[in-house]
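Chains A and B, in that order, give the protein sequences.
Counting in the numbering used here, the first sequence runs from 1 upward without gaps.
Counting in the numbering used here, the second sequence runs from 1001 upward without gaps.
No lab work stands behind these hints: they were computed from the structure.
One or more of the hints may lead you astray.
In silico DSS-like pairs for lysine-lysine, Cα to Cα no more than 30 Å straight-line [unchecked claim]:
no., chain 1, residue 1, chain 2, residue 2
1, B, Lys-1154, A, Lys-26
2, B, Lys-1154, A, Lys-257
3, A, Lys-26, B, Lys-1026
4, B, Lys-1026, A, Lys-154
Since the structure is predicted, the reported quantities are computational estimates derived from the model, not experimental observations.
2 protein chains.
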Amino acid sequence: IGRARGRLAVIGLGPGAAELMVPAVKAELARANDVLGYETYVRMAGPFRADQVLHCTDNREEMQRARHAFELAAQGRSVVVVSSGDPGVFAMAAAVLEALHESADPQWHNVDLEILPGVSASLATAAQAGAPLGHDFCVMSLSDNLKPWSIIEKRLDLASQADLALAFYNPISRSRPWQLGVALEIVARHRTPRTPVVLGRDIGRPGQTLRVTTLGELTPEQVDMRTMVIVGSSTTCTFPRADGREWVYTPRWYGDKP
Amino acid sequence: IGRARGRLAVIGLGPGAAELMVPAVKAELARANDVLGYETYVRMAGPFRADQVLHCTDNREEMQRARHAFELAAQGRSVVVVSSGDPGVFAMAAAVLEALHESADPQWHNVDLEILPGVSASLATAAQAGAPLGHDFCVMSLSDNLKPWSIIEKRLDLASQADLALAFYNPISRSRPWQLGVALEIVARHRTPRTPVVLGRDIGRPGQTLRVTTLGELTPEQVDMRTMVIVGSSTTCTFPRADGREWVYTPRWYGDKP
């Protein structure tokens, strides 16, 4: 006679708007007994019923949150861990798997664990701008909280040399004020000042803004921690929209236009 | 007295399952007069009403399809161009923008154009495997139909040196039999044979299969054109699931474990 097998779903809300959240995630939220996550994202995932327990924590406490989720699920509960965007891209899925990997508790390993994908912030931003990630691209976090700055510099240098379009997560914060400026200098060694740059802030959320600029004109002051930065490759181009803004896209081809 | 302003939406179905298609895309399909796309994807997007016109074409005719979409939308119709996954990742958004960029027709430029994102094949595959793209990663197409093989080799070499996890679209086809083998040799210069590799075939569709192997054991015969190939970085690791399969994840940190 055992307890019901618990469930842990690591979900991605998408950028924020309900119309960009996949139905599988909506169904999982409805079925949850417990919802864990950074407060901003848990609030985005609501409204919830009175019988659902919300566990809101600070953004930095990812491993603690992951372990707490397994403790609850191991009791037979249905647990959801919330990320914005896609949970597998600089979000909770990796932390949840790391917590499970470190654990020798058979009850944790018996939990029905599923990762449910979502529309990532980079792809939501790209869609608003046009198709800047329409050809080979690289997705990087500029945060050196969990990795040495030296590997970030190395990756930036090689990815820029490779002429990949670049999407930057965590481009800047109060505690990391200088990193973005250095990153842009590294990119500028390999790209012209006219390279298109997309700045998407709060894309898919109320008050979203989209700005198209160039590598030569971009300064770190134009970016904050809620901004997704996309830097084009050598083939990325722009042209005016009817409303005065600009479309940005990276063609499907490289070299000779077909 | 003018015609109604036409609309053109470039949509991503996600990997295939209805529960992974965002509501904005479902609403757009319901509103469409005309639906254009590769036949397989148009069929995935259905069922349609009798009054909706389907325009199914071969996968190679992307520019022609894009122009056709503008011709229809310029007549005031509501037009949808269908991609699987996300339309901005090796799919129709870049072709549609290129067609518009090339056109001087003010009616085309007056069309209400919108790109609606979806869950990309790479992120859907990653979610099934765990979180192999949980840290910095690179997304590349291995097809040399629209780019010289030399730039693919260069990008593979630099991205591998940068220790980025790698997601390969279009890894192999009957007309491109040798490219994947060469690509894997390039990656193997910079990664150990024990590097985890994920092979996701038809993920999110009936008959999906997921296989976890290693760079040393992977051969091109295990891959076909419907397979998404994800190669881990030096930090990507695996551990057994309760059901005998394996989880794969790339930790949030790099270097010293926090």
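Hint-by-hint comparison with the structure:
1. B/Lys-1154 - A/Lys-26: violated (42 Å)
2. B/Lys-1154 - A/Lys-257: It holds: about 19 Å lies between the C-alpha atoms, which stays within 30 Å.
3. A/Lys-26 - B/Lys-1026: Within the cut-off at roughly 15 Å; holds.
4. B/Lys-1026 - A/Lys-154: Roughly 42 Å separates the two Cα atoms, so the pair is violated.
Hint violations for this structure: numbers 1 and 4, all remaining hints satisfied.
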